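Enquirer: With the hints as constraints, model all of the structure from the sequences given.
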Amino acid sequence: MIKPQPLTQAAFAPYGDVIECGIGTSFDINAGFATRHDALSTVSCDGDVAVSIFEGRPRPLELVLLERHPLGTQAFMPLDGQDWLVIVADAPTPQACKVFLCTGAQGVQYNRNVWHHPLMVLGAGQKFLVVDRANPEGNLVEVPFKVPVPISV
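If you're matching positions, the sequence shown starts at 1 in our numbering and goes up one per residue.
Hints listed in this document are in silico derivations from the structure and should not be mistaken for laboratory results.
Derived CB-CB ranges, DEER-like:
no.: 1; residue 1: F27; residue 2: E62; range: 38 to 46 Å
no.: 2; residue 1: V64; residue 2: A11; range: 21 to 29 Å
no.: 3; residue 1: A10; residue 2: A39; range: 13 to 21 Å
no.: 4; residue 1: A91; residue 2: T35; range: 33 to 41 Å
Bear in mind that the values here come from a model prediction, so they are computed numbers and not experimental data. For glycine and all other residues, C-beta sits at the position ideal for the given N, C-alpha and C.
Expert: The structure is reproduced here in structure tokens:
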């Protein structure tokens, strides 16, 4: 059984970026009526970039596979303010997995080729703003696990 750790930029740095207010440079814009939290992550991809909304549905709290995207980064930002889980690994094995508990105000961007579990929400379904490569062809490698690995939240 794997237990999640809190998501921090330092702990997540080998895998990508944490996207949240207060991490980078912030400044007022629009005559002081808005604050820009600037360049929290940089998109990298071969081809066009797409902005999508994913609707995550509850699933069993267990690791079943890892995937990676060799042709571009992939960013997820929760839209409903609910906690969620991020699972990453240095290799596509259950033993290599690290599980992070993210607040509803934290997003992540996975670097290219980072092994990660598909979207895992906690509780009710959630929507996420997703920024990734527009054409998914050739940009997905999946490795299923023989036995699911439970997560303890």
